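Visitor: Start from the sequences, fold in the hints, and give me the full structure.
So the protein lines, in turn, are chains X and E. Residue 1320 in this note's numbering sits at position 98 of the first sequence, and the numbers go up by one each step. Residue 122 in this note's numbering sits at position 85 of the second sequence, and the numbers go up by one each step.
FYI, nobody ran anything at the bench for these hints, they're computed from the structure. Since this is a predicted model, take the numbers as computed values, not measurements. Mixed in with the good hints there might be a few duds.
Here chain X is said to cover these stretches of chain E; the calculated rule only asks that three of the stretch's residues, wherever they fall, bring their Cβ under 8 Å from a Cβ of chain X [stated by the list, open to error]:
1. 78 to 89
2. 141 to 150
Partner residues aside, some chain E positions facing chain X, computed with beta carbon under 10 Å [what the hints assert, rightly or not]:
3. 95
4. 127
5. 132
Sample of chain E residues with no beta-carbon within 10 Å of chain X, all distances over it, derived [to be verified]:
6. 47
7. 104
8. 107
9. 121
Where is the CB? At the ideal position from N, CA and C, for every residue including glycine.
Residues per chain are reported as follows:
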Amino acid sequence: AQSVSQHNHHVILSEAASLELGCNYSYGGTVNLFWYVQYPGQHLQLLLKYFSGDPLVKGIKGFEAEFIKSKFSFNLRKPSVQWSDTAEYFCAVNARGLTGGGNKLTFGTGTQLKVEL
Amino acid sequence: NAGVTQTPKFQVLKTGQSMTLQCAQDMNHEYMSWYRQDPGMGLRLIHYSVGAGITDQGEVPNGYNVSRSTTEDFPLRLLSAAPSQTSVYFCASSYSRGSYEQYFGPGTRLTVT
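Guide: Written out as structure tokens, the structure reads:
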């Protein structure tokens, strides 16, 4: 079974600081990778996704992530965070080709980001 | 499109009571799923369905039942609520083929006393 690790549980940054959130997964086969964001009191929204092709993917609100297959990683980055980026961020993996439900997502435990003015 | 809708938004139950959390989607998605979200544990898959009449267990199915009689609806039933089921529940849906992006509902916050 696949698993997902997010190393940083809580991150506090000042506005304009750069952000990198780590995500590693364990699964030897082909994967689809996602970052979701949950703003306070809201439901999960997709930030970006990787299925194939260019390993550097760009998402909404200036976020990007890089898939490094050799490291089983999909780290999320943003060059300059804003106060409105305060939220919880979840990395998720879907292992392609599994029988019995290839859409199943496995989530990391989440990273709570607080951006201070 | 309304997307994925869930009712109720909030619910308080006493131990042993039963209830059904409703989930509906209007995007004609084959795949639907239920997750629970607990602090420090991320989202964990409870049950999922790849189409009407087909359901299967996820990571934490104990204490929950599901059925899928139509493409649109995927209710989650708690037969005898326990305090350990206090959580936020999210329903999600997606197409089964091609893109696997899942769309989430707004969630139901359940407290069992």
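Visitor: Among the hints numbered above, which are violated by the structure, and what are their numbers in rising order?
Guide: none
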